[in-house]
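K.L.:
Protein sequences appear in the order of chains U and V. All the letters of the first sequence, read from the start, carry residue numbers 3 to 117 under this note's numbering. All the letters of the second sequence, read from the start, carry residue numbers 164 to 279 under this note's numbering.
If you're looking for bench data, these hints aren't it; they were derived computationally from the structure. From the three backbone atoms N, C-alpha and C, an ideal C-beta is built for every residue, glycine too. Mixed in with the good hints there might be a few duds.
With a cut-off of at most 27 Å between alpha-carbon atoms, the simulated BS3-like pairs for lysine-lysine come out as follows [claimed, not checked]:
{"#": "1", "chain 1": "V", "residue 1": "K221", "chain 2": "U", "residue 2": "K20"}
{"#": "2", "chain 1": "U", "residue 1": "K11", "chain 2": "V", "residue 2": "K221"}
{"#": "3", "chain 1": "V", "residue 1": "K266", "chain 2": "U", "residue 2": "K43"}
{"#": "4", "chain 1": "V", "residue 1": "K266", "chain 2": "U", "residue 2": "K105"}
{"#": "5", "chain 1": "V", "residue 1": "K266", "chain 2": "U", "residue 2": "K55"}
{"#": "6", "chain 1": "U", "residue 1": "K11", "chain 2": "V", "residue 2": "K266"}
{"#": "7", "chain 1": "U", "residue 1": "K40", "chain 2": "V", "residue 2": "K232"}
{"#": "8", "chain 1": "U", "residue 1": "K11", "chain 2": "V", "residue 2": "K231"}
{"#": "9", "chain 1": "U", "residue 1": "K24", "chain 2": "V", "residue 2": "K266"}
Calculated from the model, a selection of chain V residues having no Cβ within reach of chain U, i.e. all distances over 10 Å [what the hints assert, rightly or not]:
{"#": "10", "residue": "L170"}
{"#": "11", "residue": "N204"}
{"#": "12", "residue": "K231"}
Now the in silico label distances, taken between C-beta atoms and shown as ranges [as the list claims (entries may be wrong)]:
{"#": "13", "chain 1": "U", "residue 1": "N59", "chain 2": "V", "residue 2": "Q205", "range": "22 to 28 Å"}
{"#": "14", "chain 1": "U", "residue 1": "H28", "chain 2": "V", "residue 2": "S247", "range": "24 to 30 Å"}
{"#": "15", "chain 1": "U", "residue 1": "N72", "chain 2": "V", "residue 2": "A216", "range": "44 to 50 Å"}
Residues per chain, in single letters:
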Amino acid sequence: DTEVTQTPKHLVMGMTNKKSLKCEQHMGHRAMYWYKQKAKKPPELMFVYSYEKLSINESVPSRFSPECPNSSLLNLHLHALQPEDSALYLCASSQEVVQGNEKLFFGSGTQLSVL
Amino acid sequence: AQSVTQLGSHVSVSEGALVLLRCNYSSSVPPYLFWYVQYPNQGLQLLLKYTSAATLVKGINGFEAEFKKSETSFHLTKPSAHMSDAAEYFCAVSRAGGTSYGKLTFGQGTILTVHP
Chain U
3 DTEVTQTPKH
13 LVMGMTNKKS
23 LKCEQHMGHR
33 AMYWYKQKAK
43 KPPELMFVYS
53 YEKLSINESV
63 PSRFSPECPN
73 SSLLNLHLHA
83 LQPEDSALYL
93 CASSQEVVQG
103 NEKLFFGSGT
113 QLSVL
Chain V
164 AQSVTQLGSH
174 VSVSEGALVL
184 LRCNYSSSVP
194 PYLFWYVQYP
204 NQGLQLLLKY
214 TSAATLVKGI
224 NGFEAEFKKS
234 ETSFHLTKPS
244 AHMSDAAEYF
254 CAVSRAGGTS
264 YGKLTFGQGT
274 ILTVHP
């Protein structure tokens, strides 16, 4: 199984809602990532988890809250988002984060629209 | 800081023609360089990566890239384009060592169109 599974595929939420994005992998990878991709733009790193500990937070606003309950799961909790947060949210995993040359496996993403 | 610049946001080729997608990097330390492909409504898939073992890197789907330090380039090529190659291609760089493990920085992307 070489898949990274993201749910839901599409999400529409209001600015006062609380929602969560979920990501799962069963490749035994110990590093997991959240990327944000605006339309017609490249992906931008948000968070990196290594061995279930947050290792990189790219100065992401606190309305985005990541969680890594175990080595296979990664969540992104959303609260009080703004319309400009509408984007494709991509989850990725890699075997680990040691050298910087690891291959990332990406999920298909969650297309988020904030109204 | 590291960065990559992709020259040309759109490239159009005929089926069977050479594909050349350009990427130049900027890095103060030896970089790791990658090419990823993104099909519509999909995540990204690794095509190939350069990690200093060899300057000519072969990837999946017949793609290859050559690392040229003198030109700070890592251009992606494929001898003969196929319709299924139509997608968006991203060049990316990460740092070897330091405290930025896991930080992959992408270029702006190049959309490849293949005409019959």
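K.L.:
Each hint should be assessed against the structure and marked as holding or not.
P.N.:
Verification of the hints:
no. : hint                          : verdict
1   : K221/V with K20/U             : violated (45 Å)
2   : K11/U with K221/V             : violated (33 Å)
3   : K266/V with K43/U             : holds (17 Å)
4   : K266/V with K105/U            : holds (12 Å)
5   : K266/V with K55/U             : holds (15 Å)
6   : K11/U with K266/V             : holds (25 Å)
7   : K40/U with K232/V             : violated (32 Å)
8   : K11/U with K231/V             : violated (40 Å)
9   : K24/U with K266/V             : holds (21 Å)
10  : L170                          : holds (15 Å)
11  : N204                          : violated (7 Å)
12  : K231                          : holds (19 Å)
13  : N59/U with Q205/V: 22 to 28 Å : holds (26 Å)
14  : H28/U with S247/V: 24 to 30 Å : holds (28 Å)
15  : N72/U with A216/V: 44 to 50 Å : violated (34 Å)
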